[in-house]
Amino acid sequence: MTDIHPQTLSLSPETLAICQLEASAELPRWAQDAPFVSITRTSDELSIVCAEEKVPPDIKADRGWRSFKLHGPFPFSLVGILNSVTIPLAQANIGIFAISTYDTDHVLVKEHDLARAIQTLKDAGHTIA
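Quick note on numbering: full-length UniProt numbering labels position 68 of the sequence shown as 68, and the sequence is numbered without any gaps.
Fair warning: there could be bad hints in the mix.
To be verified - With a cut-off of at most 20 angstroms between alpha-carbon atoms, the simulated SDA-like pairs for lysine to any residue come out as follows:
id: 1; residue 1: Lys60; residue 2: Gln32
id: 2; residue 1: Lys110; residue 2: Val79
id: 3; residue 1: Lys122; residue 2: Ser84
id: 4; residue 1: Lys69; residue 2: Thr104
id: 5; residue 1: Lys69; residue 2: Ala34
id: 6; residue 1: Lys69; residue 2: Arg116
id: 7; residue 1: Lys60; residue 2: Ser47
id: 8; residue 1: Lys122; residue 2: Ile96
id: 9; residue 1: Lys60; residue 2: Ile96
id: 10; residue 1: Lys110; residue 2: Ser38
id: 11; residue 1: Lys69; residue 2: Pro6
id: 12; residue 1: Lys69; residue 2: Ala90
id: 13; residue 1: Lys110; residue 2: Val37
id: 14; residue 1: Lys69; residue 2: Phe97
id: 15; residue 1: Lys122; residue 2: Pro88
id: 16; residue 1: Lys60; residue 2: Thr104
id: 17; residue 1: Lys60; residue 2: Val37
id: 18; residue 1: Lys110; residue 2: Glu53
id: 19; residue 1: Lys60; residue 2: Phe36
No lab work stands behind these hints: they were computed from the structure.
Work out the full structure, taking the sequences as your base and the hints as a guide.
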């Protein structure tokens, strides 16, 4: 395994929600103008992660998430980027939800775990910018 150097992460100011819709649902308007949005469609569901304030109250959603963005870009051949962040969080019993994009990764933690997550990541040698 490649040695992973400490990462620099940015904490997003917004609170996010992870939403679940029917697999056949059209992409809702409320998700299209969110400042941060991640959309994944499978044969089982349509998942949308976006600003909690954009999500209507009747939508099935797990609310209260905050996002750490790992400063990339990272080449696809680099191994262990997410592990360098998720292993310390797992050891601290902090659950995560991970999202990867072409250039980087986002690691979401529940807002009630945020202070502990920040301290855990700093203790692991990461920088929170």
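Which numbered hints fail: Hints 2 and 16 contradicted; others consistent.
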